[in-house]
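Colleague: Chain H is fixed; fit chain A onto it per the hints.
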Amino acid sequence: MGVKVHLSSHVRSYTGGQAQVEAEGGTLVDVMADLERRYPGIRFRVIDEQDRIRPHVNFFVGGVLARDLHHPIRSGDEVFILGSLSGG
Amino acid sequence: MVTSKKSAGSGPARRRRTAARPGAASGRVDLLVATRKGAFVLRGDSQRRDWRIEGPHFLGNETNHLVSDPRDRKWWLLAAKTGHLGPTVFRSTDGGRHWSEARRPPAFPKAMEGQEGPAVDRVFCVTPGAANQPGVWWAGGVPHALFRSEDGGDSWELVRGFSAYLAGLREKAPARFFPTPGGAITHSVLVDPRDAGHLYVSLSTGGCFETADAGATWRPLNDGVSADFLPDPHPEFGQDPHCVAWSPANPDRLYQQNHCGVYRLDRPGVRWERIGKTIPAKVGDIGFPIAVHPRDPDTVWVFPMDGTSVWPRTCPGGRPAVFRSRNGGRGWVRLARGFPEKHGWFTVFRQAMTCDAQEPVGLYLGTSTGEIWVSADEGESWRQVAAHLPQVLSVATLER
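First to last, the sequence lines map onto chains H and A. Everything in the first sequence is counted per my numbering, starting at 1 for the first residue and increasing by one. Everything in the second sequence is counted per my numbering, starting at 1 for the first residue and increasing by one.
Okay, chain H solo, but in the shape it has when bound:
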């Protein structure tokens, strides 16, 4: 399933500056695997080696905050990968 993925400025160095990209997948696991294929290195910056979403990164699927990478993506959902507020 094709998904529209919106990216905050933090990770656009991996997408050549694109704020919005396309990916394939039925869950966030699949979408991130596809993004990693297209934009090598992006996954590890937002998901750690234990498959946990990094503390200051937020994933939204269809407008809902998703903390689990197995979160399903339904037809029409858009994914947002955003930096949360992080001061200092």
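Simulated from the structure, these hints should not be mistaken for lab results. Treat each hint with caution, since some may be false.
As the list claims (entries may be wrong) - Pulled a few chain A residues facing chain H out of the computed Cβ check, cut under 8 Å:
hint: 1; residue: G83
hint: 2; residue: L85
hint: 3; residue: G86
hint: 4; residue: P105
hint: 5; residue: A107
hint: 6; residue: F108
hint: 7; residue: K110
hint: 8; residue: A111
hint: 9; residue: G117
What the hints assert, rightly or not - Looking from chain H toward chain A, a few residues come up when the C-beta cut is under 8 Å (computed):
hint: 10; residue: V46
hint: 11; residue: D48
hint: 12; residue: G83
Beta carbons are placed, not taken as given, at the ideal position from N, Cα and C, and that holds for glycine.
Modeller: Relative to the frame of chain H, chain A by itself:
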């Protein structure tokens, strides 16, 4: 695409008693400065008097360590992360003009199903391997972990022998490995120039450790070092070395700036001697960094900080000064010419003071307040050559 370099893969050479005695370098010095908000390069003139700032590289990244490879000085590694994104290593093969990211940055193996595994929070230091192992690099992580690359920093593997060893110690005494405010830091990775398999690695907190087989097995090396923050102030391990350095002219001479004083160790001995007690008591021998003369094993510099009462960790009395010993720590001289005479309340972190190999030796330090200070006369006098940078986390030299 960065071309990877392969390790020569030769076994460790038999260790000799002494290393080749490095001569005085002659040429210009650049400073590789890593800060909390990006990395900078300071280009020095031939007198080490005028400095031109270039950068920032990776503005907004917490850059912990920027180092050039002495085996190929255009090959630079930078340890970085951001407030949001995970840790990584960037590489340049052309002296910082272009950068690429490590294909596989330092990371722990994935834990087995149902188990909680650790994740690297920060790559704290990157250290080139031995001269006879081109392409080999080591990295110290937060939390405690040692990583090794054999392809010039493109891909990294956990040194499992070290992690297994630490797991055993942690099981025995979990309270001796608690994290510092900056995390559980792995630092001061020292690779013996005579034997690529002989390393010292230090942990805050945890102590100093040694391997003679490239990381397969380890032993603690903390005898004589105090840990006054533990019920037993003289444990086998659990101390808090802030920075461990050795003499390039004699790698069997080690110095340590510890949470609990300044120490010296002459191998093959195993007992550290506290040499900081001869620094005036009103200053004390607490600090973060330590630097050793490139040709004289008896000359060493420290930058004391206030480790009294609630540990302000600032210059004692607001009066910044370097202390130098010319006799292996039997006596110290205060060197403050050029520094503010009062109201200098900064800190110099453990990777933020270093020296070059010129004649006379140049000393360099970066402060928590974003200043770079230079001495071109072995610490006798100091000049501020940069200000208003972000908090300086490390300073390394690159001699052209």
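Colleague: All the hints need checking, so say for each whether the structure fits it.
Modeller: Hints and how they fare:
With a least beta-carbon distance of about 4 Å to chain H, the hint placing A/G83 at the interface is held under the 8 Å criterion. A distance limit of 8 Å between C-beta atoms decides the matter here; for A/L85 the minimum to chain H is near 4 Å, and the interface restraint holds. Given hint, A/G86 at the interface with chain H, holds; its Cβ is 5 Å from that chain's nearest Cβ, closer than 8 Å. For A/P105, the interface hint holds, since its Cβ comes within 8 Å of a Cβ in chain H; the closest pair sits about 6 Å apart.
Restraint check, A/A107 versus chain H: the minimum CB separation of about 4 Å is within 8 Å; hint holds. For A/F108, the suggested interface contact is upheld, since its CB lies about 5 Å from the closest CB of chain H, less than 8 Å. The restraint placing A/K110 at the interface with chain H holds, with a minimum CB-CB distance near 6 Å, inside the 8 Å limit. For A/A111, the interface hint holds, the least distance from its beta-carbon to any beta-carbon of chain H being 6 Å, beneath 8 Å.
The criterion of a C-beta within 8 Å of any C-beta in chain H is met by A/G117, whose closest approach is roughly 4 Å, and the hint holds. The restraint placing H/V46 at the interface with chain A holds, with a minimum CB-CB distance near 7 Å, inside the 8 Å limit. Because the smallest distance between the Cβ of H/D48 and any Cβ of chain A comes to about 4 Å, under 8 Å, the interface hint for this residue holds. Nearest Cβ of chain A to the Cβ of H/G83: about 4 Å, under the 8 Å cut. The hint holds.
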